[in-house]
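Each chain sits in its own coordinate frame; assemble them with the hints.
Going down the list, the protein sequences come from chains V and H.
Read in order, the letters of the first sequence are residues 0 to 262 in numbering that gives the first Met the number 0.
Read in order, the letters of the second sequence are residues 0 to 286 in numbering that gives the first Met the number 0.
Because the hints were derived from the structure by calculation, they are not lab data.
Please note that the accuracy of each hint is not assured.
[What the hints assert, rightly or not] Taking lysine-lysine pairs in the DSS-like style, the calculated list, with each CA pair at most 30 Å apart, reads: (1) 148/V x 277/H; (2) 95/H x 5/V; (3) 1/H x 171/V; (4) 174/H x 148/V; (5) 178/V x 1/H; (6) 119/V x 51/H; (7) 178/V x 174/H; (8) 207/V x 251/H.
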Amino acid sequence: MRRFGKITACILLTVILISMLFPFFYMIIASFQSPTPTCSISWENYSAILTRGGLAGFLFNSALVAVIVTLGNLVFCLMAGYALARKRFSGNRLLYISAMAVLMIPAHVVIIPVYILISKLGLYNTYWALILPFLVNPLGIFLMTQYIKNLPDDCEQAARIDGAGEFTILFKIVAPLCKPALAVLAVQAFLSSWNSFVYPFILVSSPKLYTLPVGLAMMQGLQGMSTPEIMAGSTIATMPVIIVFLFFQRQITEGITAGAVKG
Amino acid sequence: MKRFNLLILVFPWIATLAIFWVFPVIYSLVLSFTDYSIFGQTRYIGVANYLKLFSDRTFLLSLKNTLYFVFGTIPFTTVIALVLAVLIAEKIPGHKIFQAGYFIPSIVSMSVVAIVFTALYARGGYLHMLGKLCGLAVPENGYLFSTSTALPAIMAMDIWVAVGYYVLLYLAAIKSIPVEIYEAARLDGAGFWRRLWQVTLPQITSMTLFVVVINTIRSFQIFIEIYVMTRGGPLGSTSTVVYFVFDEGLRKFNMGYASAAAYLLFVVILIFSLIQMKLIGGKDQSR
Chain V
0 MRRFGKITAC
10 ILLTVILISM
20 LFPFFYMIIA
30 SFQSPTPTCS
40 ISWENYSAIL
50 TRGGLAGFLF
60 NSALVAVIVT
70 LGNLVFCLMA
80 GYALARKRFS
90 GNRLLYISAM
100 AVLMIPAHVV
110 IIPVYILISK
120 LGLYNTYWAL
130 ILPFLVNPLG
140 IFLMTQYIKN
150 LPDDCEQAAR
160 IDGAGEFTIL
170 FKIVAPLCKP
180 ALAVLAVQAF
190 LSSWNSFVYP
200 FILVSSPKLY
210 TLPVGLAMMQ
220 GLQGMSTPEI
230 MAGSTIATMP
240 VIIVFLFFQR
250 QITEGITAGA
260 VKG
Chain H
0 MKRFNLLILV
10 FPWIATLAIF
20 WVFPVIYSLV
30 LSFTDYSIFG
40 QTRYIGVANY
50 LKLFSDRTFL
60 LSLKNTLYFV
70 FGTIPFTTVI
80 ALVLAVLIAE
90 KIPGHKIFQA
100 GYFIPSIVSM
110 SVVAIVFTAL
120 YARGGYLHML
130 GKLCGLAVPE
140 NGYLFSTSTA
150 LPAIMAMDIW
160 VAVGYYVLLY
170 LAAIKSIPVE
180 IYEAARLDGA
190 GFWRRLWQVT
200 LPQITSMTLF
210 VVVINTIRSF
220 QIFIEIYVMT
230 RGGPLGSTST
240 VVYFVFDEGL
250 RKFNMGYASA
260 AAYLLFVVIL
270 IFSLIQMKLI
280 GGKDQSR
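The following block holds chain H by itself, in its conformation from the complex (with noise of 0.2 Å):
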C-alpha cells in the first residue's frame, strides 16, 4: 500500500489526538508553570501557583466537596447498581422494562436533568414537598439555597442519574458467566444467596474494579451540575475542582492558575485509575 494512502487513512485521528489530547495535557503543564492570563506578558513562575493552591481557601474547599462528592457517591452507585443487576438477572416479570427504564436518565443531556432536578428541589417542588411530608428538617427556601443540603441533593441526583449506566454494566459481567457453574451450584443444592455469594460476586469482581474506575475519572470531574443548579453556591458549598478551574481560568482570565488546579486534579485522577488498574491487573493474573 501506498504510503500517501495510509496516512489519509490515519490522518484524522492523529490530528485528533494530537490537537486535543497531546497538546492540551502537554501544554497544561507549561502553563501551570506560568502567570498566563489574556491580560500583559507572561512569566515562567516555577512552582508558584502550585504553593498558591495550598493556601486559598476557595480551591481547598472546592478540592474538599470534590472527595466528598466522589467518596459520597461511589459507594452508593455501586452497590445500588449491583443490586438491581442482580435482580434483574433473575429474570423476574419485566425485567427487560425495569433494564430500560433505569437506563434512561443516564442517556438524557446532564444539563436537561440538573434543570429538572433544580424545579424539583426548589422552594415547593416535589422533592421539597416531599421531604417535607416525611417530616425531615428541610431548609425553608430549597434544598439548593443551603450550605448544609445543596451538596448532598446534588449527590443525590448523581446517584439517581448514574446508577442505570453501572446496572447495564454489570448485567453484561453476569450473563458472561458461564451457566455450568450455575448449574453445578444448583445441583449441589446451592440457593439464591449461596449462588450470589460464591457465583455472581466473584464472578463480577474485574467489572466491579472497572465500574469505580470510571466512575471515579468521571465523578472527579463533576461540573455541569454544577454549573446549572448552583454555580458552586451557597458560599462556595457545592464548588468542585472543575467549577474552579472554569471560574478562576475563563473567568477571572488567571489561566496560569487555574492550570495549575487542573493539573493537581489530573495527577490525582491518574493515580487512583493507575492504582485501581494495578487492582484489576492483579487480579486477572490470579484467575
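Only chain V is shown next, with the shape it has when bound in the complex (with noise of 0.2 Å):
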C-alpha cells in the first residue's frame, strides 16, 4: 500500500476505533458521576449499586456459577476429548459429530422444554439450573478430542505398560500436556458462563439468584435506580471480561478461530 493509502486507512481506523470504545467510556464516566453536582470522582454509586441494588449478592452468584462452570467443563471436556480423541467404540464417531451439530442448533428456540424440564425436575430457582446446562459445552468437546488427537501416546503407552489405570493416565500424564487446550477452554467457559443471560433469565425468577447480566437487566426496567448508579452496576460486570481480555488475548483468539477454522 502507498504512504498516503496507510495514512488514509490509519485515520479511518482510529476514527472506528473511537466510536467502538466510546459506549464504554461513556459507561465509566457516567458511573463515577455524582447526585449531588461536585467537581470530584464519587462512589457512591458504586456503594449504592452494590448495597441497596443488591449488586454484590449478583456478583456473589455470577463469580460462584462462573467457577464451577469453568472446573466442569475442564474435566468434563478433557474426560470426553481424551475418550473420544483416543478410545475406539461403537458412537464414537457419533458423539464426536454431535457435538459439531449441536454449534448449528439454535439454543433460544428450545427455552420452553428446557424451562418445562428444569420445572418438572424441581430444578427452578436454584443454583443447578444456572449450572447443569452449562457444565460441558460442544466447543470444549471439539477443542479437546482434536488436541488429544494431535498428541503422540508414547507416555500413555509406557505409563499403561507399567500398570497405571485409565484415570491416572488421564490426569496424571494427559492433562499436564493439555495445558495449552485446557487455557483456551477454561477462558472460553469462564466467559460464556459470565455473560450468559438467557438461560439464566428464563430459569431463575428470586433475586437472590440473579446473577450480574440478569440483575443489572431487571434494575433497567424498574424505576429503583439511577442510570448513573445502572452505569455503576455495569462497569463491575464488564471489568473481569476486560482482565481476561488483557491476559488472555491469546486463548481467547484461538477459542473462537479453532471452531471457525476447522468448522
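Okay, structure coming up:
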C-alpha cells in the first residue's frame, strides 16, 4: 500500500476505534457522576448499587457459577475428549459429530422445553439451573478431542505397561500435556458463563439467584435505580471481562478461530 | 479398557447432550402439536397452532421484524468486518491495538451493552444529541420510543457489537493464505487493489460463507437486546420471533402455541444453515 493510502487507512481505523470504545468510556464516566454536582470523583454510585441495588449478591452468584462451570468444563471436556480421541467404541464418531451439530442448533429456540424440564425436575430457582446446562460445552469437546488426537501417545503406552489405571493416565499424563488447550477452554467457559443471559433469565425468578447480566437487566426495567448507579453496576460486570481479555487475548482468539477454521 | 471406565468418561457429555439438546428439540416438536399450558388438561390439536400463527398479527409482525433485522444487519456486519480485516492485515502502525479494540464490544455481556446503549439512545443521551447536531429528524423522546427508529437503532448497535468478532475470523483466514501467492502477485506487479480482488477475496470465500452462516443463526435468535431495551415495543415494532416465544410461552404460559412459533423458527434457521453449508461444501470441492 502506498504511503498516502496507509495514512488514510490509519485515520479511518482510529476513528472507528474511538467509536467502538466510546460507549465504554461513557459507561465508566457516568458511573462516577455524583448525584450532587461536585467536581470530584464519587464512588457513591458503586456503594449504592452494591448494597441498595443488591449487586453484591449478583456478583457473588456470577462468580460462583462461573467458577463451577469453568471447573466442570475443564474436567468433563478433558474426559470426553480423551475418550473420543483415544478409544475405539461404537458411537465414538456419533458423539464427536453431535458436538459439532449442537453448535448449529439455535439454543434460544428451545427455551420452552428446557423451562418445563427444569421445573419438572424441581430445579427451577436453584443454583443447579444456573450451572447444569453449561457444565459441558460442545466447543470444549471439539477442542479437546482435536488437541489430544494430535498428541503423541508414547507416554500413555509406557504408563499403561507400568500398570497405571486409565484415570491416572488421563489426569497425571494427558492433562499436563493439554495445558494450552485447557487454558483456551477455561477462558472460553468462564467468559460465556459470566455473560450468559437467556437460560439464567428464564430458569430463575428469585432476585437472590440473579447473576450480573440478569440482575442489571431487571434493574434497568424498574424505576428504583438511577442511570449512573446502573452504569456503576455495568462497569463492575464488565471489569472481569476486560481483565481476562487483557491477560488471555491469545487464548480467546484461539478458542474462536479453532471452531471457525476447522468447523 | 473397561466398559465402565469408558462410560464414566463420556457420561457427562452424553447426559448434557440428551437433556439439554436432543430432548428439547424433540419435545418442542411434540409440544407444538398440543395446547399445553400450565393450566388445565393438555390435548393433541394437530397443526392448529401453526395455522393460528399465520393469522396472528403479533407473530407475523415479529417474523417480519426478525427478517428485517437479519437481512438489514448481516450485509453491513460482513462488509465492514471484511474491510477492517483487510486494512488491519496490511500491517498498518498500531494494527494490534485496532484488532484488540474492535473485539472488545463482542466479549462484553450483551445485557450490559444493551443497558449502555439504552442510555445513549434515550432523550438527551449522547447519540440522541449527536443525531440532532447532524441535523437528522430525531424523535423527540429518543430513538427507542418511536416505531420508526427503535428497530434500526437496535440493528445499528448489533452491527457495532458483532463487527470485531468477524474481523477476528477474517484475519485468521487472511493469515492462512500462503505467502507465496502474494509474492507471486507482487512480482507480477499487482498493486494493493489487484491483490485484494484477485488473491485475498477469492481465497477467503469459504470464510465469508462461514461468517454469514453463524451470523444468520445468531441473528435469527435476537432476544436479549429486545428484552433489555424495548420489551418488544413501541407497539410491537421491535418484537422478534424469540421475544414472541418468550412472551407467549413464559409470560402467558401458552407453551404449546409458543413451541409452534419456536419450531417454525428452528426450521427456518436450519434451512438457511443447510443452504449456506451446501454452498461452502460446493466451494471446497471446486478448489
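Checklist entry - When you check the alpha-carbon spacing of residue 95/H and residue 5/V, does it fall within 30 Å? => result Judged against 30 Å, a Cα distance of about 15 Å means the pair holds.
Next on the checklist: For residue 178/V and residue 174/H, compute the direct alpha-carbon distance and say whether it is at most 30 Å.
Outcome noted: 25 Å, holds
Next on the checklist: Check whether the Cα positions of residue 148/V and residue 277/H lie no farther apart than 30 Å.
Outcome noted: 28 Å, holds
Item to check | Restraint check for residue 174/H with residue 148/V, where alpha carbons must lie at most 30 Å apart | outcome: Cα-Cα ~24 Å, so holds.
Checklist entry - When you check the alpha-carbon spacing of residue 178/V and residue 1/H, does it fall within 30 Å? => result Holds - the C-alpha atoms of residue 1/H and residue 178/V are around 27 Å apart, at most 30 Å.
Next on the checklist: Against the 30 Å threshold, does the CA-CA distance of residue 1/H and residue 171/V hold or violate the hint?
Outcome noted: 19 Å, holds
Checklist entry - Between residue 207/V and residue 251/H, does the CA-CA distance stay at or below 30 Å? => result Status holds; Cα separation ~24 Å.
Next on the checklist: Can you confirm whether the C-alpha distance between residue 119/V and residue 51/H stays at or below 30 Å?
Outcome noted: 28 Å, holds
Comparing the model with each numbered hint stated earlier shows that all of them hold.
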